[in-house]
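The hints should help you fit chain X onto chain G, whose structure is shown.
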Amino acid sequence: MRSRWFLITWLLAAPVILVAGVQGEEPLTPITSVGIHSLGPVPLDNLAPPAVPPGNPQTSDKILLGKKLYFDTRLSRDNTISCATCHDPAKGWSDAGPTSKGIKDQLGGRRSPPVSNAAYNLLQFWDGRAPSLEEQAKGPIENPVEMGNTHTEMLRTVSDIPGYVDEMEKVFGTRKVTIDHVAQAIAAFERTVVTTDSPFDRFIRGDSEALTPMEKRGLEIFNGKGHCSSCHWGGYFSDGRFHNLGIEPLDPSKPDSGRHNVTKHPKDVGAFKTPTVRDAALRAPYMHTGREGTLEDVVRLYDRGGGLDDANLDALMVPLGLSKDEIQALVAFMTRAMTSTNPEVANVKPVPQSELPK
Amino acid sequence: MRRLHVSLLLVLGILFASPDISQAIPAFARKYGFNCNMCHTVFAKLNDFGQRVRDNGYQMPGQEGREKNVFQTAPPVALRTSTGLIVAHAVSEKGTTSGFRLSGLDLLAAGVMHRNISFLMIYTPRIDEPSADYTGNTDGSNPGQPGALESANIIFSNLAGGGLNIRLGRFEPGYHAFSSKRSIYLLQPYEVYAFTTPNNSFVFDDNQIGLEVTGHFRHGFKYAAGVINGTGASPDNNNAKDFYAGFFKTFGRGDGQSAGQRVGAFAYYGWQPTKLDSLYVGPSGEADGKANMNFYRVGCDLSCNWNRFNLMGMLAYGVDDKALNDLDSSLDYTFSGGFARLDWTALYNNRLVASIMYNWVNAPCYDSERDISAFTGLLRYYLGDWTAVNVALHGEYTYRETGHDNPYREHNLAALIDFAF
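Residue numbers (my numbering), protein chains in the order written: chain G, 1 to 358; chain X, 1 to 421.
Chain G with its partners taken away, still in its complex shape:
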């Protein structure tokens, strides 16, 4: 009799011990606290104002300085490339793709993600290797296939432009140009590139006419049968996490292991950050390879349950059984209803060469 109770006690206790063991073994990938969402799917919504890190408050002078730096090709080695070359407001803050062309027409390995709303990324880049916009902005300048410069060289160039030195002094209180200040100014500008006035946003704010019946059906499928909002959730339409969708690599001999490059965790092989769906219609082609030409191609990929039969394919990828009408509705929703028309962002024009500091 006693042995039976012993057995029962063990049966009850074993799972608890096991769970405790499992929890101890595999720590969660840390999610930075900057950001509007860190726990679980939350409903699709309007975008709240982006979080501003305490070390880099927004000021209008700083934003203006950042904007000039963003559009200034002199940050690159040979004065041909600016941030806007690859993150062009006229191309949905991305480029023509499929992957980016940098200095001396060198081709990068990944698609240029949009700078619009990048302020909401918990982690920057497709693999999340940069924790903030400030850190991110330092990358392209010295990336050999992007702007091909060094920080020292770029700082020397900027320091030689009196207009910039004056502005730096006004904003940061020092005439010494540092990489941190350059990055902070660019990041401050990026935090203003926020799109909050799509028909979807107006619909959520209560204008029931803002969406056409077709778009409403698309939204319903996005949030229902299509499972889209299980990853593209919240105001940003992204979970900020990493998933393997089985996207075919551009060069099969050089597979891109994505998030795994950063974490070395086997579950991250081939996983890439969920991009926002906001303004997607402005920036074809899609995915980190730029392989999917149209939004319809993207939806058809999901409908098949993802791309290649990857051993690490995300468990959320299942065939959807969408009809032709349902595919069209989803595309309609993502095309007009998710495209913002706020003038301050949609109509941002590059700062003309003549207006850049001299």
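Read the hints as simulated data drawn from the structure, not as lab findings. A hint or two may mislead.
Stated by the list, open to error - Subject to a maximum C-alpha distance of 20 Å in a straight line, what follows is the list of computed DMTMM-like cross-link-like pairs (lysine to aspartate or glutamate): (1) Lys68/X x Asp45/G; (2) Lys216/G x Asp385/X; (3) Lys267/G x Glu248/G; (4) Lys358/G x Asp197/G; (5) Lys267/G x Glu67/X; (6) Lys349/G x Glu135/G; (7) Lys249/X x Asp314/G; (8) Lys91/G x Asp105/G; (9) Lys101/G x Asp78/G; (10) Lys264/G x Asp310/G; (11) Lys216/G x Asp325/G; (12) Lys249/X x Glu248/G; (13) Lys349/G x Glu153/G; (14) Lys249/X x Asp309/G; (15) Lys170/G x Glu355/G; (16) Lys68/G x Glu135/G; (17) Lys68/G x Asp160/G; (18) Lys68/G x Glu142/G.
As the list claims (entries may be wrong) - Not the full set, but computed from the structure, chain X residues with beta-carbon under 7 Å of chain G: (19) Tyr32; (20) Arg52; (21) Pro61; (22) Lys322; (23) Leu383; (24) Trp386.
Even for Gly, the Cβ is constructed at its ideal location relative to N, Cα and C.
Coordinates of chain X only, in the frame set by chain G:
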């Protein structure tokens, strides 16, 4: 006429007294802001996505520990009931009865407590009022719904990846591939699930008390195995425990619920006491189990998906020891049965679903009065907006024959509204 009343009561009884036709959990949809069809092909039938969430202890796969838990959300409580008109017509008696009715109420709560620890509870409160057509006394001695804790279980997930998960408490055992709790049919049960044999209180789809281990693997293989009392919620009246196992394999992507092609096989092995030994009767009247006799159920199942069609089928074969067979104690009691069902979804976001189903049970020839064959058709249309489609207009029709030589024939028609929130 009497038989007709009995039959109507039976039908009502199925809806009313088996409150466990119940599992759609809008509390989850609310937590995430999702439309029901994120997890359900149409509620209450799970799609592949929902199946994976369920298999993962009600956590989104890959997001364990990064979701709100029950302490961070509004209380995860949901309700479900249905109401409408039921018409029953007995063919030989040429009699028709009809009645408006309200089915029972289910209270559901479920959620994640900590990473990889979650729970499900389904409570059906006792409802004293009998169903509308009941003519006996109304003093509560014949409740419309018995109070019951239909489900109360705790789940430990991902003990060894997806390959080992444990459920403890009262739960829906995983050997049957097609949940009767999450069927879209409100009146017509899977007959072979509901079929009970003489002297054996085991019901195939009862929620059971015990422990279950389940696992799911990348290449589409799943298993479930459990040790349970096998008596539903009744006191366990034998010492021997029942065992079961089910194995399932999906070919192609998906889990066989809404995509992929799935086959499965199961076996259930149980014991049933035949006599009460007065020497060892315990405090709640259970027998000592000395005269336990065994019974088993085996079967296989299939789910095929093509386009917006889902074809499901299941065959079961049951054998009870002859000591349990009070109809002919020289023979084991054997029966077979199954069903075939075809679902078709239409309109945007599966707003409309049509389904047909054939059920049969072949009892032994000396008990052929209990043969069943039933044809059912169903149409459900879902109302709601982009956040939820949680109200279903439900039409269901069944033609059912019971007995072999002089079968009892009946038509049952129901127009109901099924809602959960």
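To see whether the hints hold, each was checked on the structure:
| no. | hint | result |
| --- | --- | --- |
| 1 | Lys68/X x Asp45/G | holds, 17 Å |
| 2 | Lys216/G x Asp385/X | holds, 9 Å |
| 3 | Lys267/G x Glu248/G | holds, 18 Å |
| 4 | Lys358/G x Asp197/G | violated, 36 Å |
| 5 | Lys267/G x Glu67/X | holds, 18 Å |
| 6 | Lys349/G x Glu135/G | violated, 25 Å |
| 7 | Lys249/X x Asp314/G | holds, 19 Å |
| 8 | Lys91/G x Asp105/G | holds, 18 Å |
| 9 | Lys101/G x Asp78/G | holds, 14 Å |
| 10 | Lys264/G x Asp310/G | holds, 17 Å |
| 11 | Lys216/G x Asp325/G | holds, 13 Å |
| 12 | Lys249/X x Glu248/G | violated, 27 Å |
| 13 | Lys349/G x Glu153/G | violated, 27 Å |
| 14 | Lys249/X x Asp309/G | holds, 17 Å |
| 15 | Lys170/G x Glu355/G | holds, 18 Å |
| 16 | Lys68/G x Glu135/G | holds, 19 Å |
| 17 | Lys68/G x Asp160/G | holds, 16 Å |
| 18 | Lys68/G x Glu142/G | holds, 19 Å |
| 19 | Tyr32 | holds, 4 Å |
| 20 | Arg52 | holds, 6 Å |
| 21 | Pro61 | holds, 3 Å |
| 22 | Lys322 | violated, 31 Å |
| 23 | Leu383 | violated, 12 Å |
| 24 | Trp386 | holds, 4 Å |
Checked against the numbered hints above, the structure violates hints 4, 6, 12, 13, 22, 23; every other hint is satisfied.
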